[in-house]
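Undergrad: Same order as they appear, the protein sequences are chains A and B. The opening position of the first sequence corresponds to residue 1 in the working numbering, with each subsequent residue numbered one higher. The opening position of the second sequence corresponds to residue 1 in the working numbering, with each subsequent residue numbered one higher.
In case anyone wonders, no lab produced these hints; they're calculated from the structure. Note that this is a predicted model, so its numbers are computed, not measured. Don't take each hint at face value.
So, partial list: chain B residues that the calculated Cβ filter (under 8 Å) puts toward chain A [what the hints assert, rightly or not]:
no. : residue
1   : Gln49
2   : Leu54
3   : Glu55
4   : Arg80
5   : Met211
6   : Phe227
Think of the CB as a built atom: it goes at the ideal place given N, C-alpha and C, for glycine as much as any other residue.
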Amino acid sequence: MTYDPRRALELLREGTRRRDTGFREGQEEAIRHVVEARGRLLVVQRTGWGKSFVYFIATRLLREAGAGPALLISPLLSLMRNQIAAAERMGIRAIRITSDNQDRWQDAEACLRRDEADILLISPERLGNDRFRTEVLAEVAERISLLVIDEAHCISDWGHDFRPHYRLIERIARTLPANLRLLATTATANDRVMGDLAAVLGPNLEVLRGGLGRPSLMLQTIRLPRQSQRLAWLAEQLPALPGHGIIYTLTVRDAVQVAEWLRSRELPVESYTGQTGDGREALEQLLLDNRVKALVATTALGMGFDKPDLGFVIHYQAPGSVVAYYQQVGRAGRALDRAYGVLLSGEEETDITDYFIAGAFPTRGEVRQVIDALDAAPDGLSIPNLLGRVNLSSGRIEKTMALLSLESPAPIAKQGTKWQLTAADLSSGFWERAERLTDLRHEEQRQMQEYVMLESGHMEFLIRALDGDPETVRPPNLPPLPTEVEPGLLQEAVTFLRRTGLPIKPRERWPAGGLPRCDVRGSISSEHRAEAGKALCIWGDAGWGGLVRRGKYRDGRFADDLVRACAALMAQWTPRPAPEWVTCIPSRRRPSLVPDFAERLATEMGLPFHRSLSKVEDRAEQKSMANSVQQARNVDGSLAVSQEPLPGGPVLLVDDMVDSRWTLTVAAWLLRSKGSGAVWPLALALTGHD
Amino acid sequence: MTFELSSNTQAILLLTAPLMAGRGKPSVKPLAAGEYRRLARRLREQQRQPADLLEPGAREIVSGCRVELDSERLAQLLGRGFLLAQAVERWRTRAIWVLSRADADYPRRLKQRLGEDAPPVLYGCGDAAIPGTGGLAVVGSRNVHEALIQYTEDVGRLAASAGRSLVSGGARGVDRAAMRGALDAGGRVAGVLADGLEKAAMLREHREALMERRLVLISPYDPAARFQVGHAMQRNKLIYALSDAALVVNSDYGKGGTWAGAVEQLGKLKLVPIHVRANGEVGKGLQGLLERGAKPWPEPETPEALEEILDAAADEGPGALGRQGLRPLFEQRD
Chain A
1 MTYDPRRALE LLREGTRRRD TGFREGQEEA IRHVVEARGR LLVVQRTGWG KSFVYFIATR
61 LLREAGAGPA LLISPLLSLM RNQIAAAERM GIRAIRITSD NQDRWQDAEA CLRRDEADIL
121 LISPERLGND RFRTEVLAEV AERISLLVID EAHCISDWGH DFRPHYRLIE RIARTLPANL
181 RLLATTATAN DRVMGDLAAV LGPNLEVLRG GLGRPSLMLQ TIRLPRQSQR LAWLAEQLPA
241 LPGHGIIYTL TVRDAVQVAE WLRSRELPVE SYTGQTGDGR EALEQLLLDN RVKALVATTA
301 LGMGFDKPDL GFVIHYQAPG SVVAYYQQVG RAGRALDRAY GVLLSGEEET DITDYFIAGA
361 FPTRGEVRQV IDALDAAPDG LSIPNLLGRV NLSSGRIEKT MALLSLESPA PIAKQGTKWQ
421 LTAADLSSGF WERAERLTDL RHEEQRQMQE YVMLESGHME FLIRALDGDP ETVRPPNLPP
481 LPTEVEPGLL QEAVTFLRRT GLPIKPRERW PAGGLPRCDV RGSISSEHRA EAGKALCIWG
541 DAGWGGLVRR GKYRDGRFAD DLVRACAALM AQWTPRPAPE WVTCIPSRRR PSLVPDFAER
601 LATEMGLPFH RSLSKVEDRA EQKSMANSVQ QARNVDGSLA VSQEPLPGGP VLLVDDMVDS
661 RWTLTVAAWL LRSKGSGAVW PLALALTGHD
Chain B
1 MTFELSSNTQ AILLLTAPLM AGRGKPSVKP LAAGEYRRLA RRLREQQRQP ADLLEPGARE
61 IVSGCRVELD SERLAQLLGR GFLLAQAVER WRTRAIWVLS RADADYPRRL KQRLGEDAPP
121 VLYGCGDAAI PGTGGLAVVG SRNVHEALIQ YTEDVGRLAA SAGRSLVSGG ARGVDRAAMR
181 GALDAGGRVA GVLADGLEKA AMLREHREAL MERRLVLISP YDPAARFQVG HAMQRNKLIY
241 ALSDAALVVN SDYGKGGTWA GAVEQLGKLK LVPIHVRANG EVGKGLQGLL ERGAKPWPEP
301 ETPEALEEIL DAAADEGPGA LGRQGLRPLF EQRD
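One chain only, chain A, in its complex shape (with noise of 0.2 Å):
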């Protein structure tokens, strides 16, 4: 197929909406190369360069010429809309799939079928999913004229995120015939990463690369361990910074208590995280039309975002590798001419990245346990009813399902809705593997701590880091900020952190297939439910949480602080009816540990406390339960009320930690049954999962 540079030029200026625009260097080069396939194309180009400028214009020339739709696979989509926008202006017909929504599905279909898209635009894990492959993309998939893989870097184990599904990626680029044109295009990329790109890629793959200096940012690293002292920091800092940036934090939990946090003290700033859900795009919206001053976010708002003017990038605390923070922090004054780039470290960062970096690959007691079920099932399981048979939460079970299925050839395959064993066993290159990427995790996590010691050099450490050309980077002519905080505003933020008063909200429904010793199954009626109750923390938070992990685990008390911050909490909700009187779930592992605190918080409120509940039997803890499922039936039977007549009259019902709620589900349900009044939960923390 022949170039037509003209052509080429017009759908520049179209897209841009710049009359007098030319190509950025070596822009028209890939483009030319993809159209006369020439063969296999990798662009390594720093974020903004325009890399969806290659694959717009080369997807409209060949169409123009005849040729069939191109397929992008990106897992960033859903933060193109600029892109995607430009490519529209271009005459461009694009569908996006990024959801499950099936709707789309058959839309797209549909489309497909009529040949009306140019370009279908998936996420890696569309591609992974059996029906998506068999109903959509199988309409399309013998015309795909030109596949373009974004985030290429993903491809190597050495690329510094690692997304599963790109085993699949990897593979399909082995399979493909030298006659279909592919683009790889990524940001990032070491010479690790380039070798394997070069070894899946094939011999004849043509690089393209830019310079990774960026001479506008100002880098700084400030240790401050605790949260506390990040809040007051960033509560003193914010305001004179800048223009408008992003704070990134690890969790989600710590976007938005940090967004609070700030908009208690009358900060414009919202909390962006993968939990957004739809409201991701106006919240884009308000950070690029600089009506937030800032997006506390995790990285879901990430490499697509481009905002050229972003004053500042700020991190709550340090991410798991160097190349993660070069890229997020890159983000900050593409065409300013100073910015800032701040790195708070605080002391629990590097549990957060352990946490992610243990829970990336399945142990092989979970993979045991799964194939040992599927083993006992010849005609397979389904997600549900591997719920019912292992000790896995569903989180656990569907990443061991996603990682074994994307083994090649796969122990386990999907027929229709049940996962069977396949005719192979699991390689030991799987455990290698896992073994050899949490090496290199560590590794990274490791090197990232070397940046937060750093006195100076930073811009250098990074672009080393990346085997980049270490030119002398002169930073900009900023001032460092302040590494101190005031004392004033660390007490506010101490206060803060301790605020209470999380929701338990009551379980409606029995388990799939009820509880068989308590004899129910189906709705819980509402008389016998309990009422939404209240917990004072997240588990081992900044608030709370480090006293109650100590009473439960060092002390075997819980402190006095606990039982007036518990009896403020109530004084603050003034559930209604109000509780007349106070009881707790029994333990036999710590007898007197929730019983003792129970009573102490009884006489505080100056309520009477009865003993009314006991356990009738031994089980194991609830917490080593993993699903909903299994600790529904772990509670079945081990509860009975020893006290009757019961005392009337609403019951406020205390826990220590709450977990999956079954426990309380079944307690209020016997409290209930044998004649109290309306029963209210009171936990002092919840824990992790559902």
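Using the hints, position chain B against chain A.
TA: Below, chain B alone, put in the same frame as chain A:
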């Protein structure tokens, strides 16, 4: 078993395979056996191989071939690269491999005995070395009495204890009885399927034997292909070609796949000695085959006796005697 594809295999799949990766209707028809045979011959005459059709100069090569094939159709077939990757991935997740005639692991017997008629690609699950081991082919119908099932299972067991492979068709009735007998006795089996490889590869009853490398399931048809009478006929030819000697357990007279396949062997192909069951009621079908030159099965009762029969058959040389002049289309180059 490696799941990597050579460039030649990629090209042969693109040209000839339906690549069933979903419910999409193919918009272009893959080359039929005869069409591919002509194209392959022309390529060979030009000192070319299928992989060359994936290179930039493909169009010139095709026009140089002067085959009466629509060049647009060829371009469309060869443009199905992404679909190919999708299909291969689907097979791979089910532990299904694919070999083309250009691959070193493609069963030599098929090329030697069938020449240009050997299927361009073979899909399989399990140990790809089993089809090269010869052995006893057992064929018969789907609907048979329990007594014949017993008889056939015994034949399978005997092959296993003689250490010889058993080749059969994987269909209900006689095929599966023979395979079951051999597998249960710890033997080696090649099941040549006319359809449904994808499902068969996932069947639990096959899993242990597949993983112990005692079973291979192969098919010249797409793993997702459904049953077609024509496929079953073609498949019979492969069963005979992979064996040293064949036993027909029962057959209709003058109709049905078993009859037609055996008659084709006795008349035209003569790849292996054809025996018919001698014990019990033989019926009109087997009688008819005897009249067309089949031998009565000596009904061996010991492993040694069976080995003798198979060795004698192998020494007699494959019926490919008459077809030695045929060269395989492409030998692997690298």
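Undergrad: All hints are to be evaluated individually against the structure, with a verdict given for each.
TA: Each hint tested on the structure:
With a least beta-carbon distance of about 14 Å to chain A, the hint placing Gln49 of chain B at the interface is violated under the 8 Å criterion. Taking 8 Å as the C-beta cut-off, the interface hint given for Leu54 of chain B holds, the closest approach to chain A being about 4 Å. Annotation: Glu55 of chain B was flagged as interfacial toward chain A, and the flag holds, the nearest CB pair being 7 Å apart, inside 8 Å. Hint status for Arg80 of chain B: holds, given a least beta-carbon distance of 4 Å to chain A, under 8 Å.
Interface hint at Met211 of chain B: satisfied, since its Cβ lies 6 Å from the closest Cβ of chain A, which is below the 8 Å cut-off. Taken as an interface hint, Phe227 of chain B does not check out: its beta carbon lies about 19 Å from the nearest beta carbon of chain A, beyond 8 Å.
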